[in-house]
Every structure is written in C-alpha cells, then in structure tokens.
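Model the full assembly from the supplied sequences, consistent with the hints where possible.
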Amino acid sequence: MSDVQLALGGASFDGLVKIEELAGQGMITLRGDLGDTAITGPVREVFGVDMPGQRGTAFADGKGALWMSPDEALLLCDYDEAQKLADDLAAKLSDVHALVVNTSDARSVFRLKGRALREVLAKLAPVDMSPGTFEPGEVRRTRMAQVAAAFWMDDAGTARVVCFRSVAAYMFGILSSAADENAAVNHFAN
Amino acid sequence: MLLLTCPYCGVAAEETELHAGGEAHLKRFGPGSTDEEFQTYLFQRENPRGVHFERWRHANGCGKWFHAARDTVTLEVFGTYSAQTLEPPEDLLKKIRDKRPGFEWRDIA
Amino acid sequence: MSTRLSTHGRLINRGKQISFSFNNTRMTGFEGDTLASALLANDQMLMGRSFKYHRPRGVVASGSEEPNALVNLGEGDRLEPNQRATTTELFPGLKATSQNHWPSLNRDIGVVNNSLSRFLPAGFYYKTFIQPRAFWKHVYEPIIRHSAGLGKAPRADARDPDTYEHFYAFTDVAIIGGGVAGLQAALSAGRAGAKVLLLEQTAHWGGRAPVDGGTIDGMAPDVWVAEAVAALQEMPNVTLRNRVMGAGVYDHGYVLGYERLTDHAPQTPGPRHRLWRIRAKQIVTATGAIERPLCFSGNDVPGVLLASAARDYLVNYGVAPGERTVIVTNNDDAYRTAIALVEAGLDVPAILDARPQGGGALMEEAKALGIRVELDAAVVKVKGMKRVLSVLRGKQSGDGTVEEEIFCDAVAMSGGWSPVVHLWSHCGGKLTWDEAQAAFRPDAKRAPTGADGEAFVIPAGSADGEMALAKVLENAAAAGQSAAGRAGFEKQAGEAAKGEAPDEAPITPVWMMPKGADYKLRSKAWLDYQNDVKVSDVQLAAREGFESVEHTKRYTTLGMATDQGKLSNINGLATLANALGENIPQVGTTTFRPPFTPISFGAIAGEARGDIFQPLRRTPIHDWIDAKGAHWEPVGHWRRPYAFPNDGESVHDAVQREVNATRKSLGLLDASTLGKIIVKGPDAGKFLDMLYTNMMSTLKPGKCRYGLMCTENGFLTDDGVVARLDEDTFLCHTTTGGADRIHAHMEEWLQTEWWDWKVWTVNATEQFAQVAVVGPNARKLLEKLGGMDVSAETLPFMGWADGTLGGFPVRIFRISFSGELSFEIATPANLGRAFWDKLLDAGGEWNITPYGTEALHIMRAEKGFIMIGDETDGTVIPQDLGLNWAISKKKEDYLGKRAQARSHMTDPRRWKLVGLETLDGSVLPDGAYAVAPGTNANGQAATEGRVTSTYHSPTLGRGIAMGLVLNGPDRMGDVLKFTKGDGGTVEAKIVDPVFFDREGEKQNV
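Residue numbers (the numbering used here), protein chains in the order written: chain A, 1 to 190; chain B, 10001 to 10109; chain C, 20001 to 21005.
It cannot be assumed that every hint is accurate.
Straight-line distance between alpha carbons at most 25 Å, and here's what the computed DSS-like set of lysine-lysine pairs gives [claimed, not checked]:
id, chain 1, residue 1, chain 2, residue 2
1, A, LYS92, C, LYS20758
2, B, LYS10027, C, LYS20897
3, C, LYS20889, C, LYS20686
4, C, LYS20758, B, LYS10099
5, C, LYS20686, B, LYS10027
6, B, LYS10095, C, LYS20445
7, C, LYS20445, B, LYS10027
8, C, LYS20891, B, LYS10027
Looking from chain C toward chain A, a few residues come up when the C-beta cut is under 7 Å (computed) [said to hold, decoys possible]:
id, residue
9, GLY20270
10, ARG20618
11, ILE20678
By construction, these hints were calculated from the structure, which means they are not laboratory data.
Just so you know, even glycine gets a beta-carbon here, dropped at the ideal spot from N, CA and C.
Shown next, in the form of structure tokens:
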C-alpha cells in the first residue's frame, strides 16, 4: 500500500519525550452493548482479547480493545488487517444489534516515549496523571488543549494518543510544544 | 469550574469536558399537541434558586448524556444519574429532601 | 536618603553585583535584590507619578500589595507596563522606566493637576465633561487620556517572543502561601498522609517571620524555616513550588497558580510563565496579612512607607529607607521596625504612637534602647514634595494643632494588619469584623462550599486573623490537620511548632490622623495611592448619596487600580462608615475577585498562539491545495479553497474560469469535509424518518436521497444526501460545518428520548477523503481509470456503488450539487492524496480543473439549490424555501413538524425563496434588503425581501441572486428595489430560482 499517506507523513519530535506519528495502527469502532456476551464473544474470537471493563484496555499479540463507553469500543490491530478484521467481526455480529466501522484512517495516533510523558500529557489534558492514579491499563477520553482525544499508557515510559486525522498537525504542535526540552515541570515523582 | 462525575465512564469531569444541555426531564410534545403544551415544552424552563435537575453531556469524553441534580446557589452536586429515565431516582430524591427540606421542582418534591 | 548598609540583607549576595538601568541611568544592585530594594539602595526613592494628580511617588510596600512603584519593564517586544518593582527580582541588564510622567520623572508637567486637585474631586469627570456633548470625544477625552493613566501599552506590532503553558495538577490539599503558617500547615497535612501542594509567590520560604523575629521551637525563624522546608522536601507526598502565586480559588476546589519561571532570569530558555490549573479536595489559604497605611496629610510623599516594608528592606536587603525615620503607629508591631533601625545604627527621632495608653513589651524594649516615644501622638502633616523633609507632630485626639516639627527623611507607618482574605473570599467565603484587631477575618462558619456541600477552604495563620507567632503556628497546624482530615486522611500529625514572641498590647483603630483633621489635611490624606483617592473624596461620595460601598468604589475609583485596593480598602470603607455614621461591618467590603495580583495574558493563553492558536482542520488534500497557492476560506475549523488563482489571475477570474471549465468539461472538488455519519440498526429507518423532514425509511438500498433536517423549533438546520447501504444501515451526509453538530444531535435524541430504539451511530467523516468529479467528461475520466461500471444504466443518477477504481477502494455516489454529470467518490483518507493525484493526472486530456468553494456556490446557485447558512439563518423553515417536495405528507411526526404548524410558521406573509435578476445585469449586494413603500412600526423604511445569495454567473454572463421575498413566488416578473451600500438602490426582477438547465438534463446522463 505505497499510496498510504499519514496525515503528517510520519512526523516526529524529540524533547522531554519522543513523539512519533505512528504508522500501521489499525482501528475499528464497535458500537454495541459491551456487557453482552453475544458481542464480546466474537470480539474475543477475532481480536483475541476479553472486553475490558470501564475505561479499561486489553492487549494481546498486537491486537487490543479499548473501552470507550458502555456501548463503544475501539479495537486495535495492524493497519493492513483492519478492513478484513472489521468485515470478519461484522459477519459474526450479523445477528446482533451492533455496528462495526473501520476507522483506521479517521484518526491519527502518536506515540510518546520517555519518563516525562505524564508531565507532557498533564500540560494539555484536565486529567490527573499522577502515578498510581493513571496507570497502564486505563484509557482516557478527554480534551487535549482544544481538541477531543484519547490516550493510554502501554507501559511506564510509553503512551499512545489518538485524535481525529484532520487535527493531527494541531495535536503534533501542542505535543511538541508541551515536550519542549526546556519546559520540564518535574512534578511527578518518577 | 464545576466537576461532575459521569455515571457512564466514572470520570469526575471538569466543565471543559462537558456540554450543558439545560433542564432535565422534559416531556416532548409533537403533532397533535395544543399550542400551550408545545409552547411549554419548547420554551418554558425552570430557573430555580436552589435544587435543579439538568442534562449534561460528557462531550469531550465518553460522549454520554447524563442527568445531574445540583443547587444553583451553592453549586452542591447531589448526584448524577442515567439519562435513560423519566425522573430522578428515589434514593437521590431522598438525599436531596434530607439536605433541602421542602424543596420543590416542577412536580417533584 | 535611602542607602545600602554594610550589614543586614539576608536575601542578598553581596558577592554578586548586578548592573541594571532605571530611566536609562545605570545602577547596580546585588543578586537577591528586588528592583525596589535596588532602587532604594541607589537612593532612587522617587519611582513614579500618580495616576490623576501626577504626584511624586515612592515605594510604600515591599511585596505584591505595592501601589506606587510600578514601572515599564523591558523594551521592544518584551515591554511590559505596570510591573511592581517590589515583586520584580533583579537580574543583570534589567531595564525599567518610570510611568505617567512627561517630560521626565523629576519634572512633570501634569503635576499641575496636583495644584488643581481641589477642583478635581471624586466624580469630577462625570460632573464636568458632560456638556457640550461633542467636546467629550474631541477635547476632553484625549486630554484626560494623555494626562491620566499608568504604563505604556506595548507597540501594536510587538509580538511577545516568550512561550507560556498550562499544567493540570491534582492534589488532596493545596496550600497557598509558604510563610511559617503555610509550612506548618503543609507539615501537618503531609504528616497526616495527604498529598500536599504548597505554593509560594516569592522566591523565598518563610514569609515575614524571619524579619519579625521571635523564636520557633527555640530556633531563629530562619533556621526553623530551613528545617521545615528540608523536612517537607523529604516527604514524597508533599510538593513545594515557589515563584507560584495562588491567583484564584474557584468552584469545586479549582485553584489557579501563576508560576513565573524566567522573569528573574529572562535569558533562560523555556516557558516564561506557567498557569497551574489545580484541583484540590481542600485548600488552605496561608496568605498572611498586609499592613495598612495611616491616613494623614502627606502620607504619599516619597519616603513615607509601611513600617513592615521599612523593616523588610533593612533586614532582607540591607537597605535603609532613610537615615532618620519617624515611626508612626497605632499598634505594637511598628516598634519592631524602630528597634531594628536603631540596632542597625540608624536614627529614629521618635515613635509617634496614636494610642494614649501606648504599647506593651516592645514599647519597653524600644524605650530601653533610648528611643523617644510619644503617646496620643499624630502626624499632622508630612512636609516635602519629592521626598520627606520633616513631620509636623500633634495630638491624635487633637484637631491638627502642630506641636513640633521633627526633621527626618523617612516615615514608617503602621495602621494595623489586615488578614489577606482574598482567596478565602473568591469563592464565597464570608468575613467577620474582629473589633479587637480592627480587621476583617474569615468567618469559619461561612466557608466556601464545594461539590459535596461541605467547606473546602481553610484559612491558616495570620490569614485567619491570628497575629501572634505562637497562635499562627497552632492555627496553621490545625488547618493542615483539618484539611487532611476532610480530604480523608485522619492520621494525627502531631504538635504544632512552638512560637515565642513578645506579647503585644491591643491596637487602637485610627482611620484619620489626627482625629479632628480639617478639610485641608483630609484632602491630602491618601487612601488609594494608585488611583489618587483621598479621605475627602470618600467623604464627598458619602455626602452625595453613595451609601453602598460598591457604589462608592465605582464613583471614587477607590480600590479599582491594578493593586485592587490591597492597602486602601479597609481604610476606605472605615472612612465611608464614619461618614455615614455606621459600623464598619454594616458597610461591608467590596467583592474580592481573582486574580490576587495581575497575571499575564500569555499565561492565560498558554500554548495557544501562532500555529496552534486554534485547531486547524485539514483534509487529506490540504497540503496539495496549499502548495497550489489556493485562496483559502475558513469553514468552521476547516480551511477550504475558495479558488485556485493561476499566476497573475485575480480571484474573481479564477472562480469564473473554474465554473466554465467544469460546466464545459471536467472539474474536481475536494469534498472531504462533508460529514459522513453511519446510522445502523433495526430502527434506523424509523429514526431517520424522525430526523429528516422527508421519508428515509422507504429509500432502497443502493439509492441516495436528498434530505432536510430541522430543529424541534421547526427551523432548517442541515441538509445532505442519505445513502442506504443495506436494510439496516444508512450513510448520512451533512454539511461541512454540520458533521459534529448533527452527530451530537442524533446521539442526543437516541440517548435522551428514544433510548429504547435500536440504533447505533458512528461519525465516520474523517475515515474518507471524498472527491467530486464533475462535468460532461466526468464519466470518461472514471472509465479511463477503470475497474467499475459507471454507466448510466448500472449507476444511475441518485445511485451509489462500491468497487475498485483505478486500483483504489471506493464508494461512488451519483449525486450532483452543480447540475452537471457528477460522481462523488469516497476512498480511505490515507489514500485520498494518491487518489486525487491520480484523478488529476488522468484528467489532463479533459483539462481537469480543481475548483473551490466559490465555484461550487455559483454552480449550485445557478441550479437554484439552497445552501445552509446562506438561504438559512436559524429563522427559515423548509416551506420558506419552496422545499415542500422534501417534506413528507405521510409522516405523523418528525423533528420540527409540530413547530412548523404554529401560526407564525404558516403565515402566508412569510417571505419565500425566489430568484432575482438585476435589470442592469449587475450583482446584487449580499444581504441587501428590498425596500417597500411606507415605514414599519419603528418608523424605518419598510422592507419586503432580502438577498440570501448573490453571484456573477459566468454561465449566464450576468448577476444572479436568490432571496426571500414577501409573496415572492406569486410575483414572478415584479421588479423590486434593493438597497446598495452607497445609499442608492438597484432594481431586480423576481424570477424562478433555477437559472440553468431547469429540466436537469445535464446531470441525468
């Protein structure tokens, strides 16, 4: 798929954290009752993860599921597989009330790497990023500066931030500004 | 700046994550309703000094609408609850009655 | 004169000299100085001129309450007016200039106002400059503006080169103020186990305690402070931040902190200010107290300053404000200044104590040092203009009779202490008048309450009205313990540190000195230094009927300057109370509003500037359009190309060319911004029938239908084409600006009204790039790319199909907004640019022409298609626009149906959509009104219509327009007169709104 062009062509920035526009992130939006095993069962079959609970995340073998609301999940996979997996899941859910849409192109994903990622996020989102309060395993949908966004931590030094594709340049701009190497707050213990 | 806990995703969201949706528990009147019913539905709003029931949406968040009961003077939040209900839950009403004896709001007391 | 001593100066480093300039004169100070202390060290007592009378003014305080020593700081892009010298830390190369003087600080012409001051009382401007009316704008206001005012505004083209940011912090307990009370509260709350954030506005911990003396746990306060800070730094649950001012306390535990990162070292890279947006479960305000001036004649002469400030300059910076300092006081605290000055080898000719009974232990200590103490004593008047020459002494109980002239060069005054209750009060905390201390203090029973209805602010130390060191510490420890407890941390924190200081005798309130001062004395006794409000002004306001403190404030401008009356408010309202014959608590205070001291606009804006001032939404084709040099148009947060002018081509010509090229051959439009919402479920059809005015449930899979959406008020809010993807699934297109709004609208109805309906929605707007291929050669281009049958038979008008086109996965909609043969093609957004390039490349043989929004608008107007936002403005219903064909007669209900049955909506006199053609072929002005004979109820010219869209049509070679006109559709051929901007009118004929290809032959091929 050489014709694939990310919103920013794979931009990156190095400061308090390293920021990279991620290529190859597949995303599928699932609308349906996440408490219904008729829905979570097929999700497990196709994505290999149990549907996480409120604001939870689940990952396995490059795939994953993010709890977005009681009736919305964002399923993660390889970009090239997304349409196929979306079709598979939709087929398995054909008899239940659910909507599956490949939204891999609708969003941009940034990876933040570095110890200061809590601080960088705390400059932009009204979210308590304190260790112990926000940890890997949780996804937070919120506002970052002036746009809607979601983020989660993969581990203590890695986070992923998702926003709409049209505002990728804005998101990259505010993240880079927050990650200015001379702008450390040194607020969090680690 | 208000802080309301979204009953759907559990986040204690600050006002910048929220969208205010006005008075709660409106009954819709459509075709066939009288002018007065329709006028009341569309335009007449409670504006109490005290206990109020409102609609809010966790717009920069899980996207869910929910209800909040709050005091418009002190900004005390008595509770937030599901949008899929025609009236406030009884345990919340009891809590409000205890804190604000004699309160009245539309036909709720 | 004020001088630097060789002793004292706990905050300065004599080993490090710093060079700076004031009014272009080079001066030197030491590391650790403030600008104020460094200016005093250079004998620069005169620091500015007052706002109204241009009186010479010197520094009066040593902290953020300073009203006089305001300077222009920096230059060029970094010039900032009204910066307080007392809170400006000195740095090498600092450049400051004084304000509000002309031609120079020493010789100021405006001081003539001072001689005229008895003609410039409170309300003078209101009373004097009313008549003649025109004089205000052209004569009075320019003169007043020239002579009044403080600092200079930066140049209009100045651009702040610094950066700013926000930071969201969450804590159990936020403590504002890092004096001994704040430190003790933090120790207690921290030991109880709470997460604590302690903010201090200056660079130093400990507040005034190290200056005021006494002992804490048997140590000098300095030593205890260092130990407390070290202990707090060891606690993992406690965060200390200095140079952060607690600017405001707001609802539900929200606190703003204003961090000044590089003001003291401007060469340092990184943000200059950071705005802390803090959520705290509990807030402790350990904000200390501010000393009040005394109201005597000449209390604003440079060299008259607060007794605490004199002590601060001496102890902290090794600066003596004068060689001979007279102390004047109504309480014991000022004796500390006298003692400190004498112990530093300076002269204190007398302490004038207004109290007939005098003071306690501190007075005895002063006397033992040989200092002369006069009781029931008053300053009748300070002599001197640009600096203090002498003090005329009389009796406080007297009428101003002078008993003695005491020569001196400084006066240190103390009228008692006011707790800093600002942060307590910001969010509704109430005050109580403490008669014994003559001060307002927080009323613990009426604290600000939070989301749970419980108190969330606790005052600590002298901010709570406790002035004795031992009590300050006990009170602060209790505050810290209590804050932690309320936040859910019950562990006992242990004892407060033990403070020991001499007992103090009671204060005697003094609101005018001497008590029987005559008008002449009162009219030179300043309350508000910055806004030049005197005792006599407030008394005048009271006589004129301004009985409310809020009215008096606005009439006299008392407390309305940049210092917000930190020094003047209590004296002012006591003066008002006396004038009204009421008690002080009856008169009450004015409202305390954040921020505590001014904060920079940069801090408020944070990162939002330049490229990231606002989110700019970009389509996948954006970069190509930008590189092409398009003329951009903002549409919501999107940018869309208005037109693509070639080199040397005007925008107008480009638009005309784009229309012609599209109509004659082939055009290309980036339509990615159109909203695309997927609606699915067994009840999806029923749901869309409620949302749209027309029937969507009968749409066949594979087909498209144009639909209208109204609000419950009946007004048209959005339109677009709906495609039925399968039995259960619809794709709803919205306008560019409508996607988020309509998606929210759908979710609102689904979640809050019809929650039992089985419908899911997903806003898939950005999943796809969408490109309109438009024109007689559109099909040829698609056939050339290959992969799909796009014939009229397989893909008829208003049909859609999925497939692969030229190797791209696409969905093609046969819809037309231009009246031409048109295909709107969606492909995944990440492929959008490649797809666009491929279309451009393949379309070369048909002169494929990208067109912008203006060509789009012209082509739709030529076809009589409405545009949301042009033909609609929130007051227009579909029936006004002749869209009855799109309103289902069969449906019992849809959003807006009941509203459209209201009498005003069915009024036959509602203006209706028609086409308009000027008789002379010119283009009607946009928004122009058609004038009718006669006048309306307001006596204005009557109107009978207005223009909603107007363009020059290249297809027809003339101006065309659409408009809403009274009885319009029944008046075909009538000629109306439309107003022009130049006052004239232009005639236009009412015609059918479809100007071009009425039968739709071109699009349906």
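Each hint tested on the structure:
1. Of the pairs offered as hints, the one joining A:LYS92 and C:LYS20758 holds, with about 18 Å between alpha carbons and a cut-off of 25 Å not exceeded.
2. Between the alpha carbons of B:LYS10027 and C:LYS20897 the distance comes to roughly 16 Å, so the proposed pair stays at or under 25 Å and holds.
3. Restraint check: the Cα-Cα separation between C:LYS20889 and C:LYS20686 comes to about 15 Å, which is no more than 25 Å; the hinted pair holds.
4. Under the criterion of a C-alpha separation no larger than 25 Å, the hint pairing C:LYS20758 with B:LYS10099 is inconsistent with the structure, at around 39 Å.
5. A distance of roughly 20 Å separates the Cα atoms of C:LYS20686 and B:LYS10027; the hinted pair therefore holds under the 25 Å criterion.
6. Among the hinted pairs, B:LYS10095 with C:LYS20445 is consistent with the structure: their alpha-carbon atoms are about 23 Å apart, no more than 25 Å.
7. Taken as a hint, the C:LYS20445 and B:LYS10027 pair is broken in the structure, with Cα atoms around 41 Å apart against an allowance of 25 Å.
8. A threshold of 25 Å between alpha carbons decides the hint, and for C:LYS20891 with B:LYS10027 the separation of about 21 Å falls inside it, so the pair holds.
9. Because the smallest distance between the Cβ of C:GLY20270 and any Cβ of chain A comes to about 3 Å, under 7 Å, the interface hint for this residue holds.
10. For C:ARG20618, the shortest C-beta to C-beta distance to chain A is roughly 6 Å, which falls under 7 Å, so the interface hint holds.
11. This hint holds: C:ILE20678 has a C-beta 6 Å from the nearest C-beta of chain A, less than the 7 Å allowed.
Of the numbered hints listed earlier, those contradicted by the structure are 4 and 7.
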